[in-house]
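Letter by letter, the chains look like this.
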Amino acid sequence: MRKGLILFALLAILASCTTQKPLYTWGNYETTSYNYLKNTDEKSIQELIENYQKVIETQKGTRGVVPPGVCADYGFILLQEGKKEEGKEMLMKEIALYPESKIFIERILKMIEE
Amino acid sequence: MKKILYFTIIVLIVASSCTTTSKIPKSTAYKGIYDEKPVSVLLMPPINRSTNVEAKEYFHSTLNIPIANAGYYVVPPFLSMEILKRESAYDSELFIDAPLTKFGEVFGADVVVFTIIHKWDKSGLAAKVYVEVEYIIKSTKTNEVIYTRKGAVTYDASINSGAGGLAGALVDMAASAINTAVTNYVDVARACNAYTFKDLPAGKYSPTYGTDGAEMSGKKEFRATLNKNYR
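From first to last, the protein sequence lines stand for chains W and H. Counting along the first sequence from 1, when you hit position 65 you're at 65 in the numbering used here, and nothing is skipped either side. Counting along the second sequence from 1, when you hit position 76 you're at 76 in the numbering used here, and nothing is skipped either side.
In short, the hints are calculated from the structure, not lab data. Since we're looking at a predicted model, the values are computed, not measured. Where is the CB? At the ideal position from N, CA and C, for every residue including glycine. Treat the hints with caution; some may be incorrect.
To be verified - Going by beta-carbon spacing under 8 Å, a handful of chain H positions derived as facing chain W: (1) Ser50; (2) Val53; (3) Glu57; (4) Thr62; (5) Asn64; (6) Asn69; (7) Tyr73; (8) Val74; (9) Phe78; (10) Glu82; (11) Ile136; (12) Tyr205; (13) Gly210.
To be verified - Below are the DSSO-like pairs computed for lysine-lysine, each with C-alpha atoms no more than 30 Å apart in a straight line: (14) H:Lys85 <-> W:Lys43; (15) H:Lys228 <-> W:Lys43; (16) W:Lys84 <-> W:Lys38; (17) H:Lys85 <-> W:Lys102; (18) H:Lys198 <-> W:Lys60.
Model the full structure from these sequences, guided by the hints.
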């Protein structure tokens, strides 16, 4: 009985060292972002877009919400690809999810209209 | 009595094996963060003082995940980079000692993250990358440094085939050499960032927001050996 308790305590301590489930999941965010930064070619843009879609559609983090910046950056890429309406929609989605982004994103929306 | 003593010793050994903390609680070490409660974080393009020309990109693309996962709002990295470029503010060196009020106004940022890559050296044969990197977070309201850590990280990219013996060692060495050649250096930067920001006080979106002040902060200057498995 006592031994069981000790074992349990040890396991609990060990478990506390391991990583918990993160707030957000990001797919291949880092690699696709790096490839885009480095190459900015057709292939890297396509992979970046696919990863954004995956992060938005299949969010498995504990918050269950799209991580900060993802909708806005995805919108920015869409705008650069000439998809103005879709891009704007994503920028607006960023403000809806994260009101603290309003100052910056509204500035961008204004720039698009100019 | 003896049993309890043994038990305590074991617990202490186990517990200490996973910490590299200082003796200073986060609420003291990062007082500015607990006082100001920043929400929105702007990432500046890393300052590269190393000889590796691509180190800047490795770090830039891996900075926001650990900070967002800690519960902060990270200003969209690509969008903010574009605006910084347009405003000729892409050179972070110009701003590290300058007033940051403007970044608060334009980006809505409460704090700004500067990264300085001091060293990025690789040794091909040993499949190791040695990185020295410094992180500085400054408030856009007070211009004070509210978080800073400097790490000397050895990243081990070697592969162990588990074959053993001389032949196994040779196979490992060859595989490791190939691994550094194509190694995803993004992994190196990711590991450095993840390790450093482990002690970042929890932000607004974290379940431990406002309740982690008693936890110990990490060492201000640290040495660490990391590998691919470090998340």
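message: Flag every earlier hint the structure violates by its number, smallest first.
response: 1, 2, 11, 13
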